[in-house]
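Those protein sequence lines, which keep their order, are chains A and B.
Its first residue numbered 65, the first sequence is counted upward by one per residue in the numbering used here.
Its first residue numbered 496, the second sequence is counted upward by one per residue in the numbering used here.
Honestly, the hints are just simulated from the structure, not real lab data.
Virtual Cβ for every residue (Gly too), placed ideally from N, Cα, C.
Treat the hints with care, since some could be wrong.
Covered stretches of chain B, as calculated for chain A (at least 3 residues, CB under 8 Å) [as the list claims (entries may be wrong)]: (1) 521-531; (2) 538-544; (3) 561-574; (4) 585-598.
Per label pair, the in silico range of CB-to-CB distance [what the hints assert, rightly or not]: (5) A:656 x B:601: 48 to 54 Å; (6) A:119 x B:601: 18 to 24 Å; (7) A:297 x B:540: 16 to 22 Å; (8) A:246 x B:547: 26 to 32 Å; (9) B:537 x A:152: 36 to 42 Å; (10) A:300 x B:541: 30 to 36 Å; (11) B:540 x A:246: 39 to 45 Å; (12) A:269 x B:531: 15 to 21 Å; (13) A:535 x B:574: 48 to 54 Å; (14) B:600 x A:457: 58 to 64 Å.
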Amino acid sequence: MTDVALSPSRVALVGNPNSGKTALFNALTGGRQKVANYAGVTVERKEGVVTTASGRTIHVLDLPGTYSLRARSPDEVVTRDAVLGQLAGETPPDVIVCVADATNLRLVLRLILELKQVGRPLVLALNMFDIAQRQGLRIDLEGLARDIGAPIVTTVATRKRGIEELVAQIDATTLEAAAAGAQDWREPDAGEIRDAHREAQRLMKAHVRPPERPDTLTGKVDAILLHPVWGLAILLAILLLMFQAVFTWATPLMDLIDAAMTGLGGLVALIVPEGLVRSLIVDGVIAGVGSVLVFLPQILILFLFIIMLEDSGYMARAAFLMDKIMGGAGLHGRAFIPLLSSFACAIPGVMSTRVIDSKRDRLTTIMVAPLMTCSARIPVYTLIIGAVVPAKVVGGVFSLQGLVMFGLYAAGILSALGVSFVVRRFLWRGMSEPFMMELPTYKKPDPTNVARNLLLRGQIFMSRAGRIILPLMVLVWFLSTFPYAPVGAVGPAIDYSFAGMIGHFIQPVLAPIGFNWQMSVALVPGMAAREVAVAALGTVYAVGDAEQASGGLSARLAEQWSLASGLSFLAWYVFAPQCVATLGVVKRETNSWLWPTVMFAYMVALAYIAALIVYQVTVALGGG
Amino acid sequence: MNNLSMDRLEIAEAVPEVGITVRLSDASVGDRGVIVDVRAEDDGQDHGVDIEELQRRLLEFGFVEGARIEVIHEGAIGHDPIAVRLDDMRVALRRRDAGEVIILLDRP
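Based on the provided sequences and hints, a complete structural model is requested.
If you want it as structure tokens, here you go:
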């Protein structure tokens, strides 16, 4: 018996979305969690460890939320296969813990009936039990447990209540695991779903007395937040606040990281002698890591907003309000969140498309996400606008430079909608999948959970992005460094490197869009990240430290570039896939080279056409 | 639109002794009643999935015969999507996908 008591056990957490499953997972495992991907699919795998009072180690797997085992999204496929013990590389769970929102039992009872067919021992965790009690909802726990044939534990995950009892129950149930029945789950048809509902309804009637004081807050809040006019106005205000926060709160931190990276580079320069190794460390590795790290503050602020909006229950409302607008362009209401993230950086944007169930809807969103104006474009836009657009006031109030900036943002959004419209209209004919979504009751986000999730998001971003960006940065550094300039060379060293060769090689192709060879050369290191083009232009125009003295570079560009060339460069940057990291993440998320290739091709084509039109029209109007 | 209101009339006439039934896709904010049928009849529209699958998804979300339903919100553009109270939960869906749900409206 001792052997059995000490053998580790595997538990899978299953439940409806919004049941507080993740909060319960956090309460169970605390900091002892690991996040990875399931083998071969881009679904997040979260596992944690908890030790029972008897000394048994329990591995807890947090499975994606679902309403049924009949999987429809990649996330739900993982849940089904894990529960059925058919997931490649996963040991089948000894015990299934079904997490339920105690105030919203109807749908989860039907899920429980499905889980019973799987034949594994089941424990029901009635979460948010405090809210149920406050509402005066009466649940006959003993009767319900007897009828569903599984022990019930009441929990309040956010207050860590009932956690010990749940662990003890899992421990006890593990001992009975040998008594597991046969697995006879199969996809239910419409009639069987109806039967299950009838049975769930019977269980509700028999064991649950409706709340004496039902939640009326959600209805009242929704009357405002889902109002056709006020709802949209409030959503707009929230987005505005979010943008303000992302761009203003993050600035001091970004400056700090920038300074720290420069300082670190200086420090390395003191220790490592001048030469190849120093250049690799300072210009390749430190500059590479810095270029990722510098966006971390913005991304964390963005994630903070997203997590709070999600935990409070507002995100579903935002998707409701945006569905028609997004749907007009063939996008899913949920595509709204990834596209919003893409204003900070396309990488978290592409990563967060996982919330979209349908594969086609998700791919469309991934394909257009990089068209949103990410913050790496801002330094490029600022530099070029400052150099070629006159600082005039038009219409009495608008600065011409500001209008151009606004135009570039608008061009990004409109082209994203346009591209997705074309994709849905001509590539993938047919409607997007049905849009059905629960509007959860509003809840106050729990600070501990928000903090934990934020930390987790940050870690995931850094490790994934870092793993992709770092090698690419080193590659770009290699191209811009080798071969060396010959002794006694007059031009800047980069001119003689591979990057220079590529730039000169492609320049004839770029001539019709008004790019000189310096611009063409700057595009190559600019592939590492869009803002690197600023430093690259500084290098080719031999303006010492371009980032510190961007005023000098701006003046230099103003005398060297025509208005037409400058505008053409801006148009190029609206569309061009000048970011290998995004392409790398798309490869990762789609598990294929096809989609990054398609993305690269269509974005280059759009960029070329847009720049061509802008250049030729401006020249024709006398701006050459 | 003409087509839809015709439909509504036809159904209304079909069961006069029971009351007025309406497709959820045609219901207005404030309409409430009981779901009497969740169908899988080809309506000539493309839902992105076949009609049986749409029916199963509706059923799984709790759109099942006997459930109480009330339309509580609708979107600003084209009155779409809609949000309904379904027993004790709230669900949002597009009108396009709601045509298979037939509601027997409460008598005023």
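Right, here's what the structure says about each hint:
Chain A is given as covering the segment 521-531 of chain B, and this is violated because 0 residues of the stretch bring a CB closer than 8 Å to a CB of that chain, at least three being needed. With a threshold of 8 Å between beta carbons, the proposed coverage of the segment 538-544 of chain B by chain A holds, since 5 of its residues qualify and at least three are required. Only residues whose C-beta sits within less than 8 Å of a C-beta in chain A count toward coverage, and the segment 561-574 of chain B has 8 of them, enough to reach three; the restraint holds. A count of 7 residues in the segment 585-598 of chain B with a Cβ less than 8 Å from any Cβ of chain A is obtained; the coverage claim is therefore met, three being the minimum.
For the pair residue 656 (chain A) and residue 601 (chain B), the supplied restraint of 48 to 54 Å holds, since their beta-carbon distance comes to about 53 Å. Restraint check, residue 119 (chain A) to residue 601 (chain B): a C-beta distance of roughly 59 Å breaks the suggested window 18 to 24 Å. Roughly 32 Å separates the CB atoms of residue 297 (chain A) and residue 540 (chain B), a value that falls outside the hinted 16 to 22 Å. Checking the proposed 26 to 32 Å range against residue 246 (chain A) and residue 547 (chain B) shows it holds: the Cβ atoms sit about 28 Å from each other.
The hinted range of 36 to 42 Å is satisfied by residue 537 (chain B) and residue 152 (chain A), whose Cβ atoms lie roughly 37 Å apart. A C-beta distance of roughly 32 Å is found between residue 300 (chain A) and residue 541 (chain B), which places it inside the suggested range of 30 to 36 Å. Taking the beta carbon of each, residue 540 (chain B) and residue 246 (chain A) are about 41 Å apart, inside 39 to 45 Å as hinted. Separated by about 20 Å at the C-beta atoms, residue 269 (chain A) and residue 531 (chain B) satisfy the suggested range of 15 to 21 Å.
A C-beta distance of roughly 52 Å is found between residue 535 (chain A) and residue 574 (chain B), which places it inside the suggested range of 48 to 54 Å. Between residue 600 (chain B) and residue 457 (chain A) the beta carbons are some 60 Å apart, a value that agrees with the proposed interval 58 to 64 Å.
Hint compliance for this structure: hints 1, 6, 7 are broken, all remaining hints hold.
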